[in-house]
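Chemist: So you can see what is in the structure, the chains are spelled out below.
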Amino acid sequence: MTTAPTPVPTSAAADISGGGGTPGTATPASPAAPTASRRRRAGGNRAWLGALPLMVFFAVGFGLPAIAIAIGAFTTSPDAPSGGGTFTMSNLTASLQGGYLTALLGSVKLSALTALIGTVIGLPLAQAVATSRWRFVREAVQSGSGVLANFGGVPLAFMFVATLGNAGEVTTGLGLKKYGWSLYTFDGLAVVYLYFLIPLMILTITPALEGLRVQWREAAANNGATTFQYWRHVALPVLLPSLLGGYVLLFGASFAAYATAEAMVGSSIPLISMQIGDALSGNVLVGQGNLALALGLDMIVVACLVMAIYLPLQRRSAKWLS
Amino acid sequence: MAQLTSQTALGRLRPGRAGVLLLAAIYFFVPMGASIWFSIDDYHGGITFNAYTKLLGAPGFLDALYLSLELAAATVVVLLLILVPALLAARLGSPRLRPVIEVMCSLPLVVPVVALTTGIVGVLRWGPEYFANSPFFQTFVAIQNPDLPAVLLIAYVLMALPFAYRALDGGLRGVDVVTLVEAARNCGASYPRAVFSVVLPNLRSALLSASVLTVALVLGEFTTASILGFQPFSVWINSYGKTDGQMSVAVSMISLLVVWVVLLLMSVVGNRGRKAARS
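Sequences listed follow chains A and B, in order.
Under this note's numbering, the letters of the first sequence match residues 384 to 705, in that order.
Under this note's numbering, the letters of the second sequence match residues 493 to 771, in that order.
Just so you know, these hints were derived from the structure itself, not from any lab.
Ideal Cβ positions, reconstructed from N, Cα and C, are used throughout, including at glycine.
One thing to keep in mind: the hints can contain errors.
[Claimed, not checked] Listed next, with one range per pair, are the computed distances between beta-carbon atoms:
#1 A:L688 / B:Y558: 35 to 43 Å
#2 B:F688 / A:T476: 53 to 61 Å
#3 B:R677 / A:L435: 20 to 28 Å
#4 B:L640 / A:L435: 22 to 30 Å
#5 B:M524 / A:F470: 49 to 57 Å
#6 B:R588 / A:G446: 15 to 23 Å
#7 A:R516 / B:T545: 37 to 45 Å
#8 B:S682 / A:F519: 39 to 47 Å
#9 A:T476 / B:T540: 52 to 60 Å
#10 A:P461 / B:N542: 47 to 55 Å
#11 A:F519 / B:R588: 40 to 48 Å
#12 B:N625 / A:N549: 52 to 60 Å
Can you build the whole structure from these sequences, using the hints too?
Modeler: Quick look at the structure:
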């Protein structure tokens, strides 16, 4: 977003969102500080102090649990017959066999699919809202998305059971059962997940959409570009990092979702998060208490793989923006 | 420029946009409507508000709600106190901090909440296992105090970190912090003054959306609280609502409403601040 050749007046920057403009985003629109001023920064030593609280917090809040998982996944549980704390691979091998493996694959499949649908639907929706002339629509959608994006968990499950469940109002009203509809399936779960994934996408992508400069569109139009060409060659490349970031965000949200699936389908659809919940509440064989930690490690590994694919992609597309 | 844009906007009817918005409205409002109807339907052709009136007198309702709101407020405060200085430091000070902060703020997203909870359970197990006879054990007890469980606070700040980071970083991207601070400094402002009266007001919408995301996340969070055995709103809903299908839906609608009211209040406050700053 730093390619604007000249500093643009504040009011023009606000007009990206189509008229009224949100005052919050109306900013002196020259993020491209000259390189000279970039080198003239305040002392680097003091700067670390500002980040210190975050680092300390992170070490405690994230570091300690991570260590607990790393140690626990590779050692025997305290309740094991041979005594706790000795090195073993059996937790990990057990976590990658049979039902646990099916659950892991089921989670990956569900997350990849719902994140893709959420991205594909969320982008045009966010664009339709962001360029809306009515400020009311923009603000209502924004705050509504904030609510729904995190309206997961048990209430979401209850709501969809009341709507599309076996005795749900829409199911009975439209006679959906005749068509073989059931909420308690993989597809049903995907429909429910999209209820918070699409708003999450809107929240994520809207700032980027508002960052698309009117001048770019005008420049493209002056050069004879059609709307399609503008999107294909200007807007989408600019948005790509944000889109990829949003996809990963959605994948993560979907992959980690626990309460909704638990309350809705129990373990009838194999998902790794529910297997972990089972294992943590002691629903494993004696001596396998650390199996939950191994399952947690599996989940983290999958999530890290996704990141490993995403990061180089994002760096590549973000390159020309800086 | 703006005129040109609005003219093209008026020139085309854009049925595509209307269709997109209509479909979205159906998908998002029908479940709400159906749930409300489900919760007041008495199955004899009339309506009844039994599910809602029973709820108000339900034991534990206010305690659970209070705990959730308390946690949400504490999480927002802690989160902004640690995140904003770090982000500003990265912009104003050494740019080398940026990738470090980005990694720290992305990792909680990589680690699913259930996995994080297994780690927390693992850490909490160390208490009785290794520190049972040391004064350090008191710390393990204190952070699990059910009145305001610090362990949940830590978990929630960590969970909200990626979302708040995205919101704030997006806001910072549109603000040239370096130039703003330099301009303020040239006008004789001290560093704290430059940050508080120039940079932060420019980040108002980013700060607000970070807080909104955090509050919504905390109010809806279920996994960690239920596995660790605390009783905020969401956990209470689950345990109480399971006894009565109609009431469980009523409770869900109320929880949606509660989140909505909180967010509305926050945006009203934000708007008032915005207007005050404008005039």
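Chemist: Run every hint past the structure and note whether it holds.
Modeler: Hints versus structure:
1. A:L688 / B:Y558: 35 to 43 Å: The hint (35 to 43 Å, Cβ to Cβ) holds, given that L688 of chain A and Y558 of chain B are roughly 41 Å apart.
2. B:F688 / A:T476: 53 to 61 Å: holds, 56 Å
3. B:R677 / A:L435: 20 to 28 Å: For L435 of chain A against R677 of chain B, whose Cβ atoms are near 23 Å apart, the range 20 to 28 Å holds.
4. B:L640 / A:L435: 22 to 30 Å: holds, 25 Å
5. B:M524 / A:F470: 49 to 57 Å: At roughly 53 Å between Cβ atoms, F470 of chain A and M524 of chain B fall inside 49 to 57 Å, so the hint holds.
6. B:R588 / A:G446: 15 to 23 Å: holds, 21 Å
7. A:R516 / B:T545: 37 to 45 Å: With Cβ atoms ~43 Å apart, the hint holds.
8. B:S682 / A:F519: 39 to 47 Å: At 40 Å between Cβs, range holds.
9. A:T476 / B:T540: 52 to 60 Å: Distance hint for T476 of chain A, T540 of chain B holds at roughly 55 Å.
10. A:P461 / B:N542: 47 to 55 Å: Given about 49 Å between the Cβ atoms, the range holds.
11. A:F519 / B:R588: 40 to 48 Å: Holds, since F519 of chain A and R588 of chain B (Cβ atoms, about 43 Å apart) stay within the stated range.
12. B:N625 / A:N549: 52 to 60 Å: With Cβ atoms ~55 Å apart, the hint holds.
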